[in-house]
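> Residue numbers (this note's numbering), protein chains in the order written: chain L, 1 to 564; chain B, 1 to 176.
Please keep in mind that the hints were generated in silico from the structure rather than gathered at the bench. A couple of the hints might just be wrong.
[Said to hold, decoys possible] Per label pair, the in silico range of CB-to-CB distance:
(1) L:Q341 <-> B:E129: 56 to 66 angstroms
(2) B:G152 <-> L:P124: 16 to 26 angstroms
(3) L:G120 <-> B:T40: 18 to 28 angstroms
(4) L:P77 <-> B:G16: 16 to 26 angstroms
(5) B:G16 <-> L:K110: 12 to 22 angstroms
(6) L:D321 <-> B:T40: 33 to 43 angstroms
(7) L:E328 <-> B:G16: 39 to 49 angstroms
[What the hints assert, rightly or not] Non-contacting residues of chain L with respect to chain B, defined by C-beta distances greater than 10 angstroms in every case (computed):
(8) F113
(9) V169
(10) V178
(11) N199
(12) V372
(13) N374
(14) A450
(15) N456
(16) Q476
(17) V541
(18) L542
(19) M544
(20) G549
[To be verified] Taking beta-carbon pairs under 8 angstroms as the criterion, some of the chain B residues facing chain L (in silico):
(21) R27
(22) N64
(23) Q65
No residue lacks a Cβ here, since even glycine has one placed at the ideal position from N, Cα and C.
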Amino acid sequence: MKMTGAEIIINTLIEQGTTDVFGYPGGQVINIYDALYKNSDRINHILTAHEQGAAHAADGYSRATGKVGVCIATSGPGATNLVTGIATAMLDSIPMVAITGNVPCSLIGKDSFQEIDITGITLPITKHNYFVNKIEDLADSIREAFQIAKSGRPGPVLVDVPKDVQVAVYDYEPQPIVEKIPLPKADEESIDEAVALINESKRPYIYIGGGAAGLGMGKEIIEFAKKIDACIGCTFMGLSAVPDGCDRFLGMQGMHGHFASSVAQKHADLIIGVGVRFSDRATGNTAKFAKQTKIIQLDPDFAEINKNVNVDLGIIADVRDSFLRIAEKCQASKKPEWEKQVEELKVKEEEIAKKAAKMAGDRMTPKMIFDVINANKLPRTIITTDVGQHQMWAAQYAKFDTTRRFVSSGGLGTMGFGLGAAMGAMVATGDPTILITGDGSFGMNLNELATAVSYNIPVVIVLMNNGVLGMVRQWQNLFFQKRFSQTVLDRKTDFVKLAEAFGAIGMRATNIEEFESAFKKALTAGGPVLIDTLVDKDEFVLPMLPPGGSIDDIITDIGGKDSE
Amino acid sequence: MNNKFVIAVYVDNKFGVLTRVTSMFTRRGFNIDALTVGETECPEYSRITICLSGDGYAKEQLINQLRKLINVKKVEVIENNMSVKRELALIKVKNNSQTRADVLSAVEVYRAKVIDFTASEMCIEITGEPSKINAFIEYMKPYEIIEMCRTGIVALERGSGTLLSKNTKTGVHKIR
Ligand SMILES: Cc1ncc(C[n+]2csc(CCOP(=O)(O)OP(=O)(O)O)c2C)c(N)n1
Ligand SMILES: [Mg+2]
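Please take these sequences and the hints and turn them into a complete structure.
Here it is in structure tokens:
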């Protein structure tokens, strides 16, 4: 069938299973938008307020489903507006395809109007990218982009298409959805080696990362932990891989991890890492990390083995397959001493929490807010966040009933990620979605409220409004002798009125009763709701391992808060 | 401990691939001593030869990160004792009646070649292992080197095998 390049792009997207795209039109993608118009019964386009929002939406779409998220932007400023979104997806290994238009080939390299070398710009922040200067290559480049994005360790791929290629006419034949390139299966020898290490271990710690989050192995991980009497901890990116409610699961470890989870990891004699990259936020000072502990690492990416920490055994293969085979072959065993040790850590964690609650008096603490959210949220709720203290509180306190329920920018820590991502996640799944954001982060992409209202995407926005850039302020508090340089916002913005101005519902909660009633109302509002939730500016995220420190430097409480 | 490594890489012979490789070096902070690139026995691939000094960690990371690039087909370390390595240098030195005989005899001893000759300068071409070229350059310095350039190493493994057909067994599997 003869088609224009623009029609080939849209048809190839549809052929590859794309049902929704996020984007923003412009001069160099006007033909693509024309093709979208003609195919609007087959593919749904969501017009965001800003291309960054489109990129984050495509990313959230992918995180919530595992499908490849797709965004479209015009050349020049449209393309550069995608950059933060692409980098966010890259650092968290999220499969995404970004399509950009560019000036016609005859104008490339001449600093033409809205010409930018977007493949050059995104080279270090994509898994791969394409500049398609021949119509013959167009459909296959997009197919390859999908394949690369979802195979092995996933990641974003950008396809840049000059205008003349969009206009040119060429043959198009639909093809089946490209399969993921299969990952190798681990050889029996490595599996046996892992099994031997696990059978020998007296204090095993199963360590779940982002690479396991999408594999839907929650049940299997818990069963395995019971079988070998291990405890389970996770990285930030591993949250929601293991459903809550299992007493072996200690939650996130690392810089702001749970006390029991981080300390148990230190005491373990074996860490079984599943899709983790041992990032600096998780390990602290690598020179002191797990020095007495053996490490097994299961990962699809060979460059991750020995990159951040040296491991005793790295199995680079299909993670799910390796994990299930190892789990099957290991001996069941009871380790009462280890269990007791972990129980004691949990009790200690509990005591720390009680002490903190007592010190808080009757002010509305983040923990109380999440208690209300956990108690009232609907089944399958997705929690997305922005970046800052509120994000860490979400990571610490939010409960998840199934996998792919926590959508947050871990690797890049992108403020402004949340609202776009929440819309993407909700469009993809139709599941209830809550955005936990901060007054700083929300300011970065609040324009997407317009999108949520236009498409009636009923995100519940809990804005933890502390009047400050809380996370940075926390560091200033602890490490810069309270010199609060440029972290006090104290803006005059009325977020309730702001929500209303966009056509959303706005509510305010100054205490926990108000929050509970607002939250319950929000769940049934049927449209986007923002709850301006007032939080004390001097709340801390605790525990904290100071940057560059190790678990021995863990801070669990801050004495003598000056604001009280 | 810092060592010198030579790594051979087969990449797709396509526009922009060299940029992808060098951009990765910059991003990951690898310090490259020399890099050459050129055609191979297969028209669809180019071969990049990279010299790098670093410890075992840098070597392993460099290889792994290279293997991850979509356009990279093959990455192999060229082991010193199992390979032939060559580099070519062009060296322009001052030419005058007092030094001419000395320079020419050095050219002969090193099996170099004079490829340009004027009253005031001569241009010497020398091929060999980098160590030989280094020694020659050292020797030439007192005669005043006016201008000089080196190609960087090219290297092949000895024997009838080829890198492309080599079965890489590094204990890691290639995803693509
Ligand atoms: C785009 C971007 N700019 C700057 C930062 C650095 N940063 C990290 S957390 C933070 C403060 C976030 O403030 P807010 O959203 O109000 O959250 P809070 O910590 O107060 O809960 C800043 C500025 C960042 N992560 N991302
Ligand atoms: Mg704030």
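> Evaluate each hint against the coordinates.
Status of each hint after checking the structure:
Judged by the Cβ atoms, the range 56 to 66 angstroms given for Q341 of chain L and E129 of chain B holds: they are separated by roughly 60 angstroms. The hinted range of 16 to 26 angstroms is satisfied by G152 of chain B and P124 of chain L, whose Cβ atoms lie roughly 24 angstroms apart. Distance hint check: the CB atoms of G120 of chain L and T40 of chain B are about 26 angstroms apart, consistent with the given range 18 to 28 angstroms. Distance hint check: the CB atoms of P77 of chain L and G16 of chain B are about 23 angstroms apart, consistent with the given range 16 to 26 angstroms.
For the hinted restraint 12 to 22 angstroms between G16 of chain B and K110 of chain L, the CB-CB distance of approximately 18 angstroms keeps it satisfied. At about 36 angstroms, the CB distance of D321 of chain L to T40 of chain B agrees with the hint of 33 to 43 angstroms. The hinted range of 39 to 49 angstroms is satisfied by E328 of chain L and G16 of chain B, whose Cβ atoms lie roughly 46 angstroms apart. Separation of F113 of chain L from chain B is adequate, the least Cβ-Cβ distance of about 24 angstroms exceeding the 10 angstroms criterion.
Non-interface status of V169 of chain L relative to chain B is upheld: no Cβ of that chain comes within 10 angstroms, the nearest being about 24 angstroms off. Here V178 of chain L stays apart from chain B, with its beta-carbon at least about 13 angstroms from theirs, past the 10 angstroms limit. For N199 of chain L, the shortest C-beta to C-beta distance to chain B comes to about 22 angstroms, beyond the 10 angstroms cut-off, and the non-interface label holds. At roughly 44 angstroms from the closest C-beta of chain B, the C-beta of V372 of chain L stays outside 10 angstroms, upholding its exclusion from the interface.
Residue-level check passed: N374 of chain L sits 38 angstroms from the nearest beta carbon of chain B, beyond 10 angstroms. Under the 10 angstroms C-beta cut-off, the non-interface status given to A450 of chain L relative to chain B holds; the minimum distance is some 36 angstroms. Even its closest Cβ contact with chain B, about 40 angstroms, leaves N456 of chain L beyond 10 angstroms, as expected for a residue assigned away from the interface. The claim that Q476 of chain L lies off the interface holds: its Cβ sits roughly 29 angstroms from the closest Cβ of chain B, which is beyond the 10 angstroms cut-off.
At roughly 30 angstroms, the least C-beta separation between V541 of chain L and chain B is larger than 10 angstroms, which holds for a residue marked as non-interface. Residue-level check passed: L542 of chain L sits 34 angstroms from the nearest beta carbon of chain B, beyond 10 angstroms. For M544 of chain L, the condition that its CB be more than 10 angstroms from all CB atoms of chain B holds, with the nearest at approximately 28 angstroms. Look at G549 of chain L: its CB is around 23 angstroms from the nearest CB on chain B, clear of 10 angstroms, so calling it non-interface holds up.
Here the hint on R27 of chain B is kept, as its CB sits about 5 angstroms from the closest CB of chain L, short of 8 angstroms. Nearest Cβ of chain L to the Cβ of N64 of chain B: about 4 angstroms, under the 8 angstroms cut. The hint holds. Contact between Q65 of chain B and chain L, as hinted, is supported at the beta carbon level, the nearest pair being about 5 angstroms apart and thus within 8 angstroms.
The structure is consistent with each of the numbered hints, conforming to all of them.
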